[in-house]
Amino acid sequence: MKKLSIWLLTALAALALVGCSADKGPAEKALGSAEAAFNAIHDQAMKYAPQQLGAVEEQLQGVKDSYAKGDYKAVVAAAPALATAISGLKDAATAKQAELETALAKAKEDWGPTSTDVPKMVDAIQSRVDILSKSHHLPKGVTKDSLAAAKTGLTAMKSTWGEATTAAGSGDFTTAMSKAQAVKDQATKIMQSLGMTSG
Amino acid sequence: MKMARDPRPAAKDPEDTMADDKTTPAAAAAANNPYTQIHVVQSGDTLSKIAQKYYGDASLYPKIFEANRDQLSDPNRISPGQKLRIP
Numbered sequence: 003m004k005k006l007s008i009w010l011l012t013a014l015a016a017l018a019l020v021g022c023s024a025d026k027g028p029a030e031k032a033l034g035s036a037e038a039a040f041n042a043i044h045d046q047a048m049k050y051a052p053q054q055l056g057a058v059e060e061q062l063q064g065v066k067d068s069y070a071k072g073d074y075k076a077v078v079a080a081a082p083a084l085a086t087a088i089s090g091l092k093d094a095a096t097a098k099q100a101e102l103e104t105a106l107a108k109a110k111e112d113w114g115p116t117s118t119d120v121p122k123m124v125d126a127i128q129s130r131v132d133i134l135s136k137s138h139h140l141p142k143g144v145t146k147d148s149l150a151a152a153k154t155g156l157t158a159m160k161s162t163w164g165e166a167t168t169a170a171g172s173g174d175f176t177t178a179m180s181k182a183q184a185v186k187d188q189a190t191k192i193m194q195s196l197g198m199t200s201g
Numbered sequence: 289m290k291m292a293r294d295p296r297p298a299a300k301d302p303e304d305t306m307a308d309d310k311t312t313p314a315a316a317a318a319a320n321n322p323y324t325q326i327h328v329v330q331s332g333d334t335l336s337k338i339a340q341k342y343y344g345d346a347s348l349y350p351k352i353f354e355a356n357r358d359q360l361s362d363p364n365r366i367s368p369g370q371k372l373r374i375p
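Respectively, the protein sequence lines represent chains A and B. All residue numbers for the first sequence refer to my numbering, where the first residue is 3 and numbers rise by one. All residue numbers for the second sequence refer to my numbering, where the first residue is 289 and numbers rise by one.
Hints are supplied without guarantee of correctness; some may be wrong.
Said to hold, decoys possible - The calculated lysine-lysine pairs, modelled on DSS-like cross-linking and capped at a C-alpha distance of 25 Å, are:
id	chain 1	residue 1	chain 2	residue 2
1	A	K122	B	K371
2	B	K341	A	K136
3	A	K108	B	K371
4	B	K341	A	K146
5	B	K371	A	K146
6	A	K122	B	K341
7	B	K337	A	K75
8	B	K337	A	K146
Bear in mind the hints are in silico, worked out from the structure with no lab data behind them. None of these values were measured; they are calculated from a predicted model.
Working from the sequences, and respecting the hints, build out all of it.
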């Protein structure tokens, strides 16, 4: 009876070992596939979906830890969810990249007319400010404060416009258009404050 | 500029205001700028009155004259309906 028990325990231990070893191959394959898929999209994800990348990276690390501990069953069990997460990360990064590329293309297209439009707004304001500065009395609706604000605004607009053209020169049309829009908005307000919008 | 504060003769017939081709840099700049304000001349308008309205100072009427040299040859002669650029 004692011999039988020893034999049975040995057999069970061997079976367990065989079981573990049997899982090692699929675990290794699953982990390898996941790592390869993750590495393939890492740079794109880093640029376009950094937050999701962090979450998936943690998930992958968990699976690696299970593998390192020899918990192959856990690796095999976690593999499908990890594959889904990596696939989702790829989709998110690709979608974000496409969105940004579309926005960049539009900004590039818009920059052409804007690059001639904004300086004309600034020129028109500069001309009016120069003339009003020589005026003995300001016109109805224009105050000394609004003229002073227009002068300050002109300096700020020229500075922001300089930044916009620099951004456009380096190909960053999204930033260029964002700054150009800020200048346009400010110019519109100043034109209104100087009574330049009515005939 | 003695004339500056003198009341300008009121807007007259368009035939009297035929422009000669004396486009100045100021006129060219204003003409090429869509953001330059436009004033449509009304009967009784003078450049001085228009300068008073937009600049608060009638004596600055030459600024308007210079910006419209392509269509004005005489600051005393503007006509109703004319679209003047106000720099």
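Earlier hints that do not hold, by number: Going through the list in order, the structure violates hints 3, 5, 7 and respects the others.
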